[in-house]
Amino acid sequence: MGTMLQIDDINVYYGAIHAIKGISLKVDQGEIVTLIGANGAGKSTTLRTISGLLKPKSGKITFEGKNIAGLPAHAIVKAGISQVPEGRRIFANMTVQENLDLGAYARQDTDGVAKDLKVVFERFPRLLERKNQEAGTLSGGEQQMLAMGRALMSRPRLLLLDEPSMGLAPLLIKEIFSIIQDINQTGTTILLVEQNANMALSIANRAYVLETGRITLSGEAQKLAASEDVRKAYLGG
Amino acid sequence: MNTIRKNDLLLIGLGIVVFAVLQGMMTEGLIGAFWKLNIFIICINIILSASLNLINGYTGQFSLGHAGFMAVGAYVGVVLTTNFHWPFLLALVAGGAAAALLGCLIGLPTLRLNGDYLAIATLGLGEIIRIVIMNIQYVGGAAGFTGIPHLTTFPWVFFVMLFTLIVVKNFVNSTHGRACIAIRENEIAAEAMGVNTTKYKVIAFTIGAAFAGVAGGLFAHCFYIINPSSFTFMQSFNYLIMVVMGGLGSLTGSIAGAFVVTFISAALASWPEFRMIIYALALILLMFYRPQGLFGYIELTQIGIIQRLKLKGGHK
Ligand SMILES: Nc1ncnc2c1ncn2[C@@H]1O[C@H](COP(=O)(O)OP(=O)(O)OP(=O)(O)O)[C@@H](O)[C@H]1O
Ligand SMILES: [Mg+2]
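Quick note, the sequences are listed as chains Z and L, same order.
Counted from 1, the first sequence has number 93 at position 93 by this note's numbering; the numbering is strictly sequential.
Counted from 1, the second sequence has number 308 at position 308 by this note's numbering; the numbering is strictly sequential.
Simulated from the structure, these hints should not be mistaken for laboratory data.
A few of these clues could be false.
With a Cα cut of at most 30 Å, we get these calculated DSS-like pairs of lysine-lysine [unchecked claim]:
id	chain 1	residue 1	chain 2	residue 2
1	Z	60	L	199
2	Z	21	Z	223
3	Z	55	L	199
4	L	199	Z	57
5	Z	55	Z	21
6	Z	60	Z	26
7	Z	60	Z	115
8	Z	66	Z	115
9	Z	55	Z	115
10	Z	131	L	169
11	L	6	Z	131
12	Z	78	Z	57
13	Z	131	Z	57
14	L	199	Z	66
15	Z	78	Z	66
16	Z	78	Z	55
17	Z	78	L	199
18	Z	21	Z	78
19	Z	232	Z	26
20	Z	232	Z	21
21	L	6	Z	115
22	Z	78	L	169
23	Z	118	Z	174
So, partial list: chain L residues that the calculated Cβ filter (under 7 Å) puts toward chain Z [unchecked claim]:
id	residue
24	189
25	191
26	193
27	194
28	195
29	196
30	267
Computed from a prediction, not measured in an experiment: that's the story for all the values here.
All C-beta atoms, glycine included, are put in the ideal place defined by N, C-alpha and C.
Turn these sequences into a full structure, and let the hints steer you where they fit.
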């Protein structure tokens, strides 16, 4: 399979703070790739840089052959990358339906949007039941589903997920992860950021381990899950 | 689309009825000169509060420079009608266009600022505009511009107000409007959805400035003389009070706010120093009992009873 996203040696700063120190990684078409690491390692920063919410100071980000580093976020959505941000960031005072409509904001094809809305409601029946409910009153798990559904409404070829398991009960985490696998199987490539390394490694093809702004390990997810170093540091022994 | 059209017709119909009643009362002499002027001012204030609501209420950008844009429209308008004998309509449009242009130019850099900084920047802008006008001798400087033809009549203020309400209402109900509301709700999420946030902030700011400019033109042609002291920061603050009191993100609220504030001002015309105390008290009470304003984020047409009446009507 061809390379879909290629990141070459990017550096990202918050003012004087050097948050990402020369990261390179790639995601092939059809893969689930996970980026794991401790709090503050720079996982969210990496995702925000790919989706254009942050600009790298140097380095290249190539998506389907085009350099997208430094493009504004709305242009990157149009290019085919969609992000489910950390903490979900849904539009709390809008209804579920209005949130999903905004997910399709960048699209012009009304018929395709209506079709995708049906697909999202099939995938998340709870959202259909609550489609006129204010999004802020949804439970944590439902909000995560809404954030994912909203991201899917832009029909992305690459979906960036930032800690979808955050704050959810174990059973719900399982459900969300099986949905992620399902989304991947229907043709969407996924870059998944997680602190729940166990779960992430169990569904990913490949993984990168991030430590204070640098990639320290990378390889096949199963091999990393078996490796002594990773077990000690991230999988609780 | 259909419902938008229907609501527009409803609004126009209602507007014409209100217009006919008021116009009738004015020609019959039932409304004296004092209240007549106040009705003009209410209409102008509705234009200002509705357009400021587009910026502050719907898009969530805290602007404090509305009086500045109003001043630009007023001065461009009076120069064109008085010195160049332009028709009133063209002068109003030119004043609105000048204010919009300035709004766009200023909006591009300042709308990248957020929250408090934007408020300070727009506050400063309003004051700069006023001070610049004060130093242009061609328009009379601090003494003011005199000899303005009295062109503002009741039909003018009323129908320009109606036009403003219809434009703002249709804008906020369009895809563009939803983009603006998404920015207010969560700017980062809006950007991540593919909303060009800078573009929409500038659009909202420019449209708001345009209508403030037109309102300035209407205001100026109510009087023989205008001077820069009519466009101070206190005026911008007044419009903000109307928007906040009526309810951010509600056009019904903007109308109500303009009414309440104009009436308070008129009633306390002889005791101007009490005005600020009353405003302050009213705002404090409001924050306690209805922090979202009289009509926060909802319109009259969305209130339960009226919705139910509509549904009933539909079943018949
Ligand atoms: N807006 C910001 N301003 C300044 N520094 C920031 C900002 N956001 C993040 N940082 C810093 O950048 C570093 C990386 O943060 P980031 O949010 O990418 O970590 P993370 O790996 O996603 O952590 P977590 O798992 O806790 O979400 C941290 O040291 C953090 O303090
Ligand atoms: Mg994070």
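Structure-based check of all given hints:
no.	hint	in the structure
1	Z/60 <-> L/199	26 Å, holds
2	Z/21 <-> Z/223	25 Å, holds
3	Z/55 <-> L/199	19 Å, holds
4	L/199 <-> Z/57	24 Å, holds
5	Z/55 <-> Z/21	14 Å, holds
6	Z/60 <-> Z/26	12 Å, holds
7	Z/60 <-> Z/115	35 Å, violated
8	Z/66 <-> Z/115	29 Å, holds
9	Z/55 <-> Z/115	34 Å, violated
10	Z/131 <-> L/169	25 Å, holds
11	L/6 <-> Z/131	26 Å, holds
12	Z/78 <-> Z/57	23 Å, holds
13	Z/131 <-> Z/57	41 Å, violated
14	L/199 <-> Z/66	24 Å, holds
15	Z/78 <-> Z/66	13 Å, holds
16	Z/78 <-> Z/55	17 Å, holds
17	Z/78 <-> L/199	16 Å, holds
18	Z/21 <-> Z/78	28 Å, holds
19	Z/232 <-> Z/26	25 Å, holds
20	Z/232 <-> Z/21	24 Å, holds
21	L/6 <-> Z/115	29 Å, holds
22	Z/78 <-> L/169	28 Å, holds
23	Z/118 <-> Z/174	23 Å, holds
24	189	4 Å, holds
25	191	4 Å, holds
26	193	5 Å, holds
27	194	3 Å, holds
28	195	6 Å, holds
29	196	5 Å, holds
30	267	35 Å, violated
Checked against the numbered hints above, the structure violates hints 7, 9, 13, 30; every other hint is satisfied.
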